[in-house]
Amino acid sequence: MKFKIQREAFLKPLQQIIGVVERRQTLPVLGNILVQTTDQGLTLTATDLEVELVAQVGLEISAGGETTLPARKLLDICRTLPEEAWLEVQVDQERATLRSGKSRFTLATLPASDFPVIDELKSVQAFKFPQRDLKELIERTHFSMAQQDVRYYLNGLMLELDKKGIRSVATDGHRLAMCEMAAKTGVSDSQQVIVPRKGVQELLRLLEGDETEVEIQLGSNHIRVSTPNIRFTSKLIDGRFPDYNRVMPKGGDKQIQTDRGFLRQALARTSILSNEKYRGIRLSLDKNILKIQAHNPEQEEAEEELEIQYNGDTLEIGFNVTYLLDALGALPGDDVRILLSDANSSCLIENGGRGHCKYVVMPMRL
Amino acid sequence: MNPIYPWQAEQWAQLHSRVDAGRLAHGLLLTGPAGVGKRDFANAFARSVLCRQPTVDQKACGRCEACLLMQAGTHPDLLNLNPPEDKTQIVIDQVRELCRSLVMKSHAGGYKIAIIVPADQMNSAAANSLLKTLEEPTDNTLLILVTERPARLSATIRSRCQQLRFPSPSTEQGSDWLSQHDVSDAALLLRLADGAPLLALCLAQEDTLTRRHDWLNELMKLRSGQLDPVRLATEWSSDALMRPLYWMGSYLMDMIRLTSGQVESINNIDLNDRLQVIADLYSPQELHYLLDHVWQNMRQAQQSSVNRQLLLEEILIEWSRAGLRRRA
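Just so you know, the sequences run in chain order Y and V. Quick note on our numbering: the first sequence kicks off at 1 and runs consecutively. Quick note on our numbering: the second sequence kicks off at 1001 and runs consecutively.
Quick caveat, the hints were computed from the structure, so don't treat them as lab data. Don't take each hint at face value.
Pair ranges (Cβ atoms, derived) [unchecked claim]:
{"no.": "1", "chain 1": "Y", "residue 1": "H174", "chain 2": "V", "residue 2": "A1151", "range": "38 to 48 Å"}
{"no.": "2", "chain 1": "V", "residue 1": "R1096", "chain 2": "Y", "residue 2": "R269", "range": "36 to 46 Å"}
{"no.": "3", "chain 1": "V", "residue 1": "R1096", "chain 2": "Y", "residue 2": "K164", "range": "36 to 46 Å"}
{"no.": "4", "chain 1": "V", "residue 1": "Q1226", "chain 2": "Y", "residue 2": "R23", "range": "56 to 66 Å"}
{"no.": "5", "chain 1": "Y", "residue 1": "V150", "chain 2": "V", "residue 2": "R1149", "range": "28 to 38 Å"}
{"no.": "6", "chain 1": "Y", "residue 1": "V150", "chain 2": "V", "residue 2": "D1185", "range": "49 to 59 Å"}
{"no.": "7", "chain 1": "V", "residue 1": "V1019", "chain 2": "Y", "residue 2": "A268", "range": "57 to 67 Å"}
{"no.": "8", "chain 1": "Y", "residue 1": "E276", "chain 2": "V", "residue 2": "S1154", "range": "33 to 43 Å"}
{"no.": "9", "chain 1": "V", "residue 1": "R1096", "chain 2": "Y", "residue 2": "F105", "range": "32 to 42 Å"}
{"no.": "10", "chain 1": "Y", "residue 1": "E213", "chain 2": "V", "residue 2": "G1109", "range": "27 to 37 Å"}
{"no.": "11", "chain 1": "Y", "residue 1": "T26", "chain 2": "V", "residue 2": "G1062", "range": "17 to 27 Å"}
{"no.": "12", "chain 1": "Y", "residue 1": "R23", "chain 2": "V", "residue 2": "L1131", "range": "22 to 32 Å"}
{"no.": "13", "chain 1": "Y", "residue 1": "Q15", "chain 2": "V", "residue 2": "A1021", "range": "49 to 59 Å"}
Rough simulated footprint, nothing fancy, chain Y against chain V, three-plus residues with beta-carbon under 8 Å [unchecked claim]:
{"no.": "14", "region": "1060-1069"}
{"no.": "15", "region": "1073-1087"}
{"no.": "16", "region": "1131-1144"}
Ideal Cβ placement from N, Cα and C applies to all residues, glycine included.
Kindly produce the complete structure, drawing on both the sequences and the hints.
In structure tokens form, the structure reads like this:
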């Protein structure tokens, strides 16, 4: 294998895929990237057995072939070369030689057949979707995923497709986040997949906030998202996501309407003096007044009063303030509507804005 | 390619008929004495299940992509759980990591297989963290636990697995196989290895056979006062695998057999006469006591980081004293 490439053209795809190469590898070949030549140029593949990233580089190839090269060393060499330098890569059997100007590096390779790649997906459901919208679906929900929960199906983000669109749902059992987008998915029956936490974070890193479309493929075992430069593939979690519709509070008769920014700031201030472990705050509702109170084991107290639109009965209810802040931070738009029923029932946070996000937070007993 | 040993044909056919019928249990416990090839069997079986083009007799082809990955140890659906290098225990973090990977769907769409060797070296926290996965894994998961000491596994682990036994093969099968591997003294080696062919092959390849005589000589000298127990302990403790102690146990066992007249069943058949001479110097009670002592200390040395020097000193002093006490 032999090719010549400019530093910048090589560096960017390397940086994009390096994220999945873990630093301490039990299997040496996973510390490498797979380099293959194609008709159009190069494909670079990195994997941690759970998430796979493939970058395409358009290039003229002098001699074809495939091998694996140490990922971090290759990246570091590229990064430290002078700008716009040309790099010549040549692989003979077990050694790869890199030349640029008067620099010369010899890297150890491992055989490409040792490198596990994910084949074409089986039983695929494919459709196109704007990159910005996919990013939004993830950004507005991913923080509610559970972390290392024994209910392993919660340690990921559920994506659901139906005729009308695509929906993302995440929950850790204490709160739930949901976001919907209309799309022409072309599916007849609704289909659910759970993308593991790590895949979600990696995908979020790759997506950009513009209008270009990405292709989403759902297979029986994998999800694949192809952006113009990078192909992302993640394993799916093998489990059933709980029925989120049953969690949505119904019949909340007490409705608060207020400015999202003001409420968020007030909560953020009050939260400073809430118990650092449990993060409890007390909300007291009265006509057009919301009182927020917090105190901690050192007997320090915070109290804040906020003018809101509220016509219901008085109510006192406790929440974990982190969950409220997360939801308010992720919600789009200037206004927020909160629906409550009583001190023992969960609340629904939403606004009528774009993206149709809903957040459910369970109360705390204070 | 992993071999299937001729004495495993029955277990092989049994497991594959279960795979074909779709009735393979998700937890398998392979048990049997050391050196009969349980670990090789587990690997060969996993490979044959994950291979994309298995041969007609259901063995892995060794050429398809899956087989190449498995040979490189990088197949995403084949996970191996062993104690980390320079450690004797499988720890909880390893098990958690394994369970985390097993809840994902499989890479190639088939089975996800985890092989845990030796299963009895999971510490109790690690074993407990495996229970949930072992009881109710996701579809197409297969956990293979391999151990020569099933009694050391907790009952909660054992009850979640289907046990598959690998007894030592018949002497004929064993010596046939050994002779194919250019081993002389097959009969003696098999005896010394308690009938386990792989262990016998191991013995043939290292210097144990000749060293055995030295260790017995040293024990005799020790008893007659020509050797100092402390100095001998220093020498013996340099053996990483504690072989001298193991063989001391073996001699003691044979001496006990000799004193009770079971000449045919002794292992060290080549040392028969010498062992008989020593055995006469001790009472049966002393021999039993010493044997217990050796075994107990062997176990301790394997499971924890005891001071080997002290441990050996104690045993060797016991050995040199036991006979004297009787004379006095």
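Status of the hints after comparison with the structure:
1. H174/Y with A1151/V: 38 to 48 Å: Check passed, 43 Å falls within 38 to 48 Å.
2. R1096/V with R269/Y: 36 to 46 Å: Hint holds: Cβ distance 39 Å, inside 36 to 46 Å.
3. R1096/V with K164/Y: 36 to 46 Å: holds, 39 Å
4. Q1226/V with R23/Y: 56 to 66 Å: holds, 58 Å
5. V150/Y with R1149/V: 28 to 38 Å: The hint (28 to 38 Å, Cβ to Cβ) holds, given that V150/Y and R1149/V are roughly 29 Å apart.
6. V150/Y with D1185/V: 49 to 59 Å: holds, 55 Å
7. V1019/V with A268/Y: 57 to 67 Å: Distance hint for V1019/V, A268/Y holds at roughly 58 Å.
8. E276/Y with S1154/V: 33 to 43 Å: holds, 38 Å
9. R1096/V with F105/Y: 32 to 42 Å: Since R1096/V and F105/Y have Cβ atoms about 38 Å apart, the given range 32 to 42 Å holds.
10. E213/Y with G1109/V: 27 to 37 Å: Between E213/Y and G1109/V, where Cβ atoms are some 28 Å apart, the hint holds.
11. T26/Y with G1062/V: 17 to 27 Å: Between T26/Y and G1062/V, where Cβ atoms are some 24 Å apart, the hint holds.
12. R23/Y with L1131/V: 22 to 32 Å: holds, 31 Å
13. Q15/Y with A1021/V: 49 to 59 Å: holds, 51 Å
14. 1060-1069: That given contact holds, which follows from 3 residues of the region 1060-1069 of chain V lying within Cβ reach (below 8 Å) of chain Y.
15. 1073-1087: Contact hint for the region 1073-1087 of chain V vs chain Y: holds, 4 residues under 8 Å.
16. 1131-1144: holds (count 3)
The structure agrees with every numbered hint stated previously.
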